[in-house]
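Engineer: Residues per chain are reported as follows:
Number of protein chains: 2
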Amino acid sequence: MKRALALLLATVVTAAPALAQTTATAVAEDFKPSSLNQPGQEYPQVNSQGYVRFRVNAPEAQHVKVSLGLGGRGGTVLNKGADGAWTATTEGPLDEGFHYYHLNVDGGTFNDPGAQNFYGSIRWESGIEIPAHDADFYALKDVPHGHVDQILFPSPSTGKQRRAFVYTPPGYDKNQRERYPVLYLQHGWGEDETAWFNQGHANLIMDNLIAEGKTRPFIIVTTYGMTNDIKPGSPGGLNSFDIKPFQTVLLNELIPYVDGHFRTLSDQKHRAMAGLSMGGFETKLIAPKNLDKFAYIGLLSGGTFSLDDVNNTPGFKEKVKLAFVSFGSRELQGGGMAGPPGAARADPRANAEAIKKAGVNSVFYVSPNTAHEFLSWRRSLHEMAPLLFRD
Amino acid sequence: MKRALALLLATVVTAAPALAQTTATAVAEDFKPSSLNQPGQEYPQVNSQGYVRFRVNAPEAQHVKVSLGLGGRGGTVLNKGADGAWTATTEGPLDEGFHYYHLNVDGGTFNDPGAQNFYGSIRWESGIEIPAHDADFYALKDVPHGHVDQILFPSPSTGKQRRAFVYTPPGYDKNQRERYPVLYLQHGWGEDETAWFNQGHANLIMDNLIAEGKTRPFIIVTTYGMTNDIKPGSPGGLNSFDIKPFQTVLLNELIPYVDGHFRTLSDQKHRAMAGLSMGGFETKLIAPKNLDKFAYIGLLSGGTFSLDDVNNTPGFKEKVKLAFVSFGSRELQGGGMAGPPGAARADPRANAEAIKKAGVNSVFYVSPNTAHEFLSWRRSLHEMAPLLFRD
Numbered sequence: 001m002k003r004a005l006a007l008l009l010a011t012v013v014t015a016a017p018a019l020a021q022t023t024a025t026a027v028a029e030d031f032k033p034s035s036l037n038q039p040g041q042e043y044p045q046v047n048s049q050g051y052v053r054f055r056v057n058a059p060e061a062q063h064v065k066v067s068l069g070l071g072g073r074g075g076t077v078l079n080k081g082a083d084g085a086w087t088a089t090t091e092g093p094l095d096e097g098f099h100y101y102h103l104n105v106d107g108g109t110f111n112d113p114g115a116q117n118f119y120g121s122i123r124w125e126s127g128i129e130i131p132a133h134d135a136d137f138y139a140l141k142d143v144p145h146g147h148v149d150q151i152l153f154p155s156p157s158t159g160k161q162r163r164a165f166v167y168t169p170p171g172y173d174k175n176q177r178e179r180y181p182v183l184y185l186q187h188g189w190g191e192d193e194t195a196w197f198n199q200g201h202a203n204l205i206m207d208n209l210i211a212e213g214k215t216r217p218f219i220i221v222t223t224y225g226m227t228n229d230i231k232p233g234s235p236g237g238l239n240s241f242d243i244k245p246f247q248t249v250l251l252n253e254l255i256p257y258v259d260g261h262f263r264t265l266s267d268q269k270h271r272a273m274a275g276l277s278m279g280g281f282e283t284k285l286i287a288p289k290n291l292d293k294f295a296y297i298g299l300l301s302g303g304t305f306s307l308d309d310v311n312n313t314p315g316f317k318e319k320v321k322l323a324f325v326s327f328g329s330r331e332l333q334g335g336g337m338a339g340p341p342g343a344a345r346a347d348p349r350a351n352a353e354a355i356k357k358a359g360v361n362s363v364f365y366v367s368p369n370t371a372h373e374f375l376s377w378r379r380s381l382h383e384m385a386p387l388l389f390r391d
Numbered sequence: 001m002k003r004a005l006a007l008l009l010a011t012v013v014t015a016a017p018a019l020a021q022t023t024a025t026a027v028a029e030d031f032k033p034s035s036l037n038q039p040g041q042e043y044p045q046v047n048s049q050g051y052v053r054f055r056v057n058a059p060e061a062q063h064v065k066v067s068l069g070l071g072g073r074g075g076t077v078l079n080k081g082a083d084g085a086w087t088a089t090t091e092g093p094l095d096e097g098f099h100y101y102h103l104n105v106d107g108g109t110f111n112d113p114g115a116q117n118f119y120g121s122i123r124w125e126s127g128i129e130i131p132a133h134d135a136d137f138y139a140l141k142d143v144p145h146g147h148v149d150q151i152l153f154p155s156p157s158t159g160k161q162r163r164a165f166v167y168t169p170p171g172y173d174k175n176q177r178e179r180y181p182v183l184y185l186q187h188g189w190g191e192d193e194t195a196w197f198n199q200g201h202a203n204l205i206m207d208n209l210i211a212e213g214k215t216r217p218f219i220i221v222t223t224y225g226m227t228n229d230i231k232p233g234s235p236g237g238l239n240s241f242d243i244k245p246f247q248t249v250l251l252n253e254l255i256p257y258v259d260g261h262f263r264t265l266s267d268q269k270h271r272a273m274a275g276l277s278m279g280g281f282e283t284k285l286i287a288p289k290n291l292d293k294f295a296y297i298g299l300l301s302g303g304t305f306s307l308d309d310v311n312n313t314p315g316f317k318e319k320v321k322l323a324f325v326s327f328g329s330r331e332l333q334g335g336g337m338a339g340p341p342g343a344a345r346a347d348p349r350a351n352a353e354a355i356k357k358a359g360v361n362s363v364f365y366v367s368p369n370t371a372h373e374f375l376s377w378r379r380s381l382h383e384m385a386p387l388l389f390r391d
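Chains A and B supply the protein sequences, listed in that same order.
Using our numbering, you'd call the opening residue of the first sequence number 1 and step up by one each time.
Using our numbering, you'd call the opening residue of the second sequence number 1 and step up by one each time.
The shape of chain A in the complex, shown without the other chains (with noise of 0.2 angstroms):
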């Protein structure tokens, strides 16, 4: 288990948004604001290529850096200007979709003032979004709008009222008389509970799903997966990690608050729990031991099921009515990433194919040209979600 969560870490810490393949062509000069900008705010900005321009205005510094572009050369050096703002653009496109970023400014780490911020990597970070030419299952449309509620929840365990998240959809005002089944899904290493929601837009692409009749109607829950809790001398506390104190939280604590305050079907085939990257990992610890609870498991970029996993599962063929596995194309590439724990190696999709075969409703899928990232889990979540709770 912890030479996994280090090989993912590992992952997590290193990846920088590869660029994608680029071509002779001349950076075309159609930059506009991103469309993550603070209000009124003209840079960072993006072409239709997908380069990024970068404008910072700091006189007096003596050298100004984005950590976004060329991971393996350390990211964008900014140039002065003689009005003393620092820009540049980047090498080559990014690859479409959401990045984190941040400034180093004379040796700190800081936000661009540009953009808006986003929970990565234990601190707010700077984001930028590169249009996706598929960006509209995700945009903001006129169509019916879910809810999405902050709710504080008890929780004993753990001496605290914790946050949560829960999305409810159109028509859960309503309908006052339906119950709904629910999706438990967790944010990635360094992130929390916000994440699936303002980097992910995990309420536009069910809006959108619902609105289009793809979907049955669900509630979304997020909360904190507790994993990157911060220790001294134990950056996000890897080293200590046990799943035991967030999986008391969630089943113990979240759900039947849950349960109880809002209108779900709370048997097991109607409750589904899914994760990005380490909420991948968390779900894959949880999940399975507690097949009288999840009926539906989806590790998006956080690992895959093997047969050795279905067969050493109890009930696991019986009582699993779907093992959705997705990753980003590039993560393939590499193909450390994708091993489950114990066979790092292992080709996910081979994996997939073999329980498929033993019998498993199992389901893989692979966002095209996009890395860990958020791009590629807003497609997974959009390819899972018509497939849970198809009773």
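Treat the hints as calculated values from the structure; they're not laboratory data.
When chains are identical, the list treats them as one kind, so a pair holds in a single copy or across two.
Here are the simulated lysine-lysine pairs, DSS-like style, with alpha carbons at most 27 angstroms apart: (1) LYS356 with LYS317; (2) LYS174 with LYS269; (3) LYS244 with LYS319; (4) LYS174 with LYS160.
Got chain A sorted already, so can you dock chain B onto it with the hints?
Structural biologist: Okay, now just chain B, sitting in the frame of chain A:
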């Protein structure tokens, strides 16, 4: 109108948190991380007297300053230590409560990487909290908690899906037959619909009041007041200030949406409007002219009701069940800010007493030792809530 708004804007922009009275006492070395720090961050720190100590890593910077501290002298200048970190302690204690701030690093404006961010001054600013002696009323306690729902409502008048937050009190989910009054609560200039919950803890104030049986449970709705829309050359959009766009969104779009999707009591005597600073001005522009819709009105550091206002507003005496006006005590020391449009130097307490004598249920509250800042407004909500919807 324009003059009053210009006054207000000038006050808001230049208002740095006032330093409390200093004494000859030594600075107590009991500094602890601010409660608003990002996870695991040791700085900024606050001591038991309200001094703040900053520490910012930027080893190659030329100069680092914090906007917080001595407004007149341009903030707190940090000094570089042997380890490359810049540190300083404010020259005196700050007022209790919440303060916005930012860094100036080599001439550029950045946020403190140690602190969480809060939307104010038309940007996400760093925030710090000086523990207040009466902080208990907005503390997160082991009591039943209401939910804060993010909603997206259609706004044909602005061609957008707009965001609002809706606080539903504890018990809302269980008491399926109960309907609740609604308070529409506006943020200040440069802020947005997140302010009353993030900076103001409006939900915790309500949870605690309800747990103590001190207020009737009601719904609170916050949305963006639009007056600080950014236009080039027009900071804050005040030069072209017009209440109509926001009034249309509020009256024709948001209120019908809320009444359609939440179990509200939708008659006049169960609807209130209040706001802080600019939100108070908006409240005063909208509510008295729409007394078929609002029975309770609150202006928090955002103007007063004079006898002329009352006499010149048809139905005021008959239909307004509460005219609540409040200020931070330090605002009244200055005088100018407290004045209503057209009478900038009027004494707001005298105004409150005059309309009370004229038969209005007028309540005037002054927050002790606070300025134009959120502790004034947390306390004002705490005072006002028990007075609402007492039919």
